[in-house]
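Peer 1: Using the sequences provided together with the hints, build the complete structure.
Respectively, the protein sequence lines represent chains U and G.
Under the UniProt record's numbering, the first sequence has 276 at position 276, and the numbering climbs by one with no breaks.
Under the UniProt record's numbering, the second sequence has 199 at position 199, and the numbering climbs by one with no breaks.
One thing to keep in mind: the hints can contain errors.
[Said to hold, decoys possible] In silico SDA-like links for lysine to any residue, alpha-carbon gap of 25 Å or less:
no.: 1; chain 1: G; residue 1: Lys130; chain 2: U; residue 2: Leu73
no.: 2; chain 1: U; residue 1: Lys152; chain 2: G; residue 2: Ser107
no.: 3; chain 1: G; residue 1: Lys43; chain 2: U; residue 2: Gln287
no.: 4; chain 1: G; residue 1: Lys297; chain 2: U; residue 2: Val281
no.: 5; chain 1: G; residue 1: Lys177; chain 2: U; residue 2: Lys152
no.: 6; chain 1: G; residue 1: Lys43; chain 2: U; residue 2: Phe282
no.: 7; chain 1: U; residue 1: Lys152; chain 2: G; residue 2: Asp111
no.: 8; chain 1: G; residue 1: Lys130; chain 2: G; residue 2: Glu113
[What the hints assert, rightly or not] Some chain G residues close to chain U (C-beta under 7 Å, calculated; not the full set):
no.: 9; residue: Asp73
no.: 10; residue: Glu86
no.: 11; residue: Gly263
In case anyone wonders, no lab produced these hints; they're calculated from the structure.
Just so it is clear, CB atoms sit at the ideal spot from N, CA and C, and this is done for glycine as well.
Okay, here's what each chain looks like letter by letter:
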Amino acid sequence: MKLSPKTATLLVLVLLIALSPLLFPSGYYYRVGALIFVNAIAVTGIVILTGYAGQISLGHAGFAGIGAYACALAPVHLGLHPGLAMVLGAVISGLMAFLVGRPILRLKGYYLGVATLGFGILISMVLNNERQLTGGPDGMEVPDLGLRGLLKDAGLDLTNGQFWYWFCGIAVIIGAWLALNLFNSPSGRALRALHGSEVAARTVGVDVTRLKLQAFVISAVYASVSGSLLALQNKFITPDVAGFMHSIEMVTMAVLGGVGSVLGAIFGAAVLTLLPQVLTVFAEYEQMVLGLVMMLVMIFLPQGLLPSILRRFRRGDE
Amino acid sequence: MKTTLITTAVAICIAGAASAEIRIGASVSATGPAAFLGDPEAKTLEMLVEAANANGGINGEEIALVLYDDGGDPNKARTFATRLIEDDEVVAIIGGSTTGTSMSILSVAEDNEIPFISLAGAIEIIDPVKPFTFKTPHTDRMACQKIFEDMQKQGITQIGMISGTDGFGASMQAQCKEVVGEYGITVVADETYNPTDADMTTQLTKIRNTDGVQAVLNPGFGQGPSIVTRNYKQLAVDLPLYQSHGVASDGFIELAGADAAEGVRLPGTALLIAGLLADDDPQKPLVEAYKTAFEEKTGTSVGTFGGYANDAFLILTDAITRAGEADPTAIRDAIEATEGLAGTTGIYSMNAEDHLGLDLSAFRMLEIKGGEWTLIE
Numbered sequence: 001m002k003l004s005p006k007t008a009t010l011l012v013l014v015l016l017i018a019l020s021p022l023l024f025p026s027g028y029y030y031r032v033g034a035l036i037f038v039n040a041i042a043v044t045g046i047v048i049l050t051g052y053a054g055q056i057s058l059g060h061a062g063f064a065g066i067g068a069y070a071c072a073l074a075p076v077h078l079g080l081h082p083g084l085a086m087v088l089g090a091v092i093s094g095l096m097a098f099l100v101g102r103p104i105l106r107l108k109g110y111y112l113g114v115a116t117l118g119f120g121i122l123i124s125m126v127l128n129n130e131r132q133l134t135g136g137p138d139g140m141e142v143p144d145l146g147l148r149g150l151l152k153d154a155g156l157d158l159t160n161g162q163f164w165y166w167f168c169g170i171a172v173i174i175g176a177w178l179a180l181n182l183f184n185s186p187s188g189r190a191l192r193a194l195h196g197s198e199v200a201a202r203t204v205g206v207d208v209t210r211l212k213l214q215a216f217v218i219s220a221v222y223a224s225v226s227g228s229l230l231a232l233q234n235k236f237i238t239p240d241v242a243g244f245m246h247s248i249e250m251v252t253m254a255v256l257g258g259v260g261s262v263l264g265a266i267f268g269a270a271v272l273t274l275l276p277q278v279l280t281v282f283a284e285y286e287q288m289v290l291g292l293v294m295m296l297v298m299i300f301l302p303q304g305l306l307p308s309i310l311r312r313f314r315r316g317d318e
Numbered sequence: 001m002k003t004t005l006i007t008t009a010v011a012i013c014i015a016g017a018a019s020a021e022i023r024i025g026a027s028v029s030a031t032g033p034a035a036f037l038g039d040p041e042a043k044t045l046e047m048l049v050e051a052a053n054a055n056g057g058i059n060g061e062e063i064a065l066v067l068y069d070d071g072g073d074p075n076k077a078r079t080f081a082t083r084l085i086e087d088d089e090v091v092a093i094i095g096g097s098t099t100g101t102s103m104s105i106l107s108v109a110e111d112n113e114i115p116f117i118s119l120a121g122a123i124e125i126i127d128p129v130k131p132f133t134f135k136t137p138h139t140d141r142m143a144c145q146k147i148f149e150d151m152q153k154q155g156i157t158q159i160g161m162i163s164g165t166d167g168f169g170a171s172m173q174a175q176c177k178e179v180v181g182e183y184g185i186t187v188v189a190d191e192t193y194n195p196t197d198a199d200m201t202t203q204l205t206k207i208r209n210t211d212g213v214q215a216v217l218n219p220g221f222g223q224g225p226s227i228v229t230r231n232y233k234q235l236a237v238d239l240p241l242y243q244s245h246g247v248a249s250d251g252f253i254e255l256a257g258a259d260a261a262e263g264v265r266l267p268g269t270a271l272l273i274a275g276l277l278a279d280d281d282p283q284k285p286l287v288e289a290y291k292t293a294f295e296e297k298t299g300t301s302v303g304t305f306g307g308y309a310n311d312a313f314l315i316l317t318d319a320i321t322r323a324g325e326a327d328p329t330a331i332r333d334a335i336e337a338t339e340g341l342a343g344t345t346g347i348y349s350m351n352a353e354d355h356l357g358l359d360l361s362a363f364r365m366l367e368i369k370g371g372e373w374t375l376i377e
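Peer 2: Listed below in structure tokens is the structure:
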């Protein structure tokens, strides 16, 4: 039986998420797993924007910030349920991406990078300085999602770590499924054509402007949901979530794992989330080792970890 | 498959060690933007654990310190707190150099009922009181009160404020404005600067030109207050300048220059003026012991922040000794019963409503004269 790449990817993902807990020696690993998933969702968005459409963003943490603070602010000020606040955050992020994206997606290369960077920094500054609303750099508390309590009443008693592991795991699968569907749709093919050559895509009748904007909005929603999940899970949020470093982290994870493939990017998220935890042994050298790993990958596996490894395997088969 | 392999490898790498000793966890910001807080804290904790073990540990049991560097990132701090509790199986946690990291750690500690002693300033950490969370640094509000007390004595009724927009500056600015009224003082000029600004003459000129300003208060830490102090001198503003406890270290005098810092007043701890303490001062032996040990070990001068970690460790070891067992709940009860324990920051007496246990007497009003700290009381 020959599986389609999409089914195969989803199957691998589901199995990994479902079976990994069998190997967890303590509750702490659920927490690390959940963090990997939160990052993986944001990185899947980057795959759509950068891997499919070939556009770069250095400000996606701004959208994560919007998603995170929506979950902190909407329940307090609007009386919304935190779950609905997540949806509200996604809608605001999408709208914001639409408004910001229209002018800045006309830019290319470095200029687009710098413009998105500016957007991210702007959001981060607002969160830092609007103290009376956001609590400033000290951050603010986020209300409980309440779902864990409901599950408990229904007879399913999960620890906090376990709950977020499964909740975010399911979110990753849904996110990946949507992204893979897009990849195979006419829009996805048009996006990839755009990535190959914008001029060529335009000559064959692809509405380049609209498609780029679409990809930007979709990836912003992914980042926003990732921010919301982080906020709800940590029950406390600071403006760091919208910080420049977080934006860079997202792009690095995607590029390291392989920006063209959903599974590769998720793999990149896993590696970069795990490494700092493993490297605590080296404490002082953590940053150096991290930098070294990334340089080596970029030099020897320029397509990203997963695609390069897979290709080597396939070559071995022949 | 690859991920599974890696997960397994990781699992083997970091599997917890045997727990025949008392395991204490710590997550501080030893690197990153808050490293000036976390670095002396980490060094202090390592030094104290070493010294305690050389003296036979607590109740005859050795102490094992599990120390992580969260880099000032609240998300990392939460992960490390989870790791300390679930994987390293510690009986108590010290840490949280910043308010953000402390707030992240405390929710994990409360969920798992593990005592947590925070090293950050904000009042939110212990107000409202949470059963398992304690802290050692005095709050920003107390620093404000101490400063306003001194202003009141000088007959000052109208002041200008220039505050940093970083976490510390912004929090203290808000706290000061909340209590300023109780001292019959009004804030007639209120300016801010970004922590990375290189010049504050514009804001200071504005304050100087405001009618009726009798003194200037600068809540902030890092390099900002040094620049404010230098600009203040350059503009020859002839009004008393008050700094916050955030810059209570020798580094501040060096950065601002002894000339510009002349006459600056600020609330500091006994640690800064170890040599000036009266012989019968209950904090004296302890402050001197810590100062000597730290300076010998690291070759750098002591600061308030390392002192916070010193006090947290003291409170914890004192509690474990009294509890007689290293059980988290027993330790928590013992910490809450801390009574008259002298630390470098002040004398701690905790109870069910007060998980800080310090009063205004913990602060000493200091003035810089000839590049040295002097005590005014």
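Peer 1: Quick check: which numbered hints come out false for this structure?
Peer 2: Violated: hints 5, 11.
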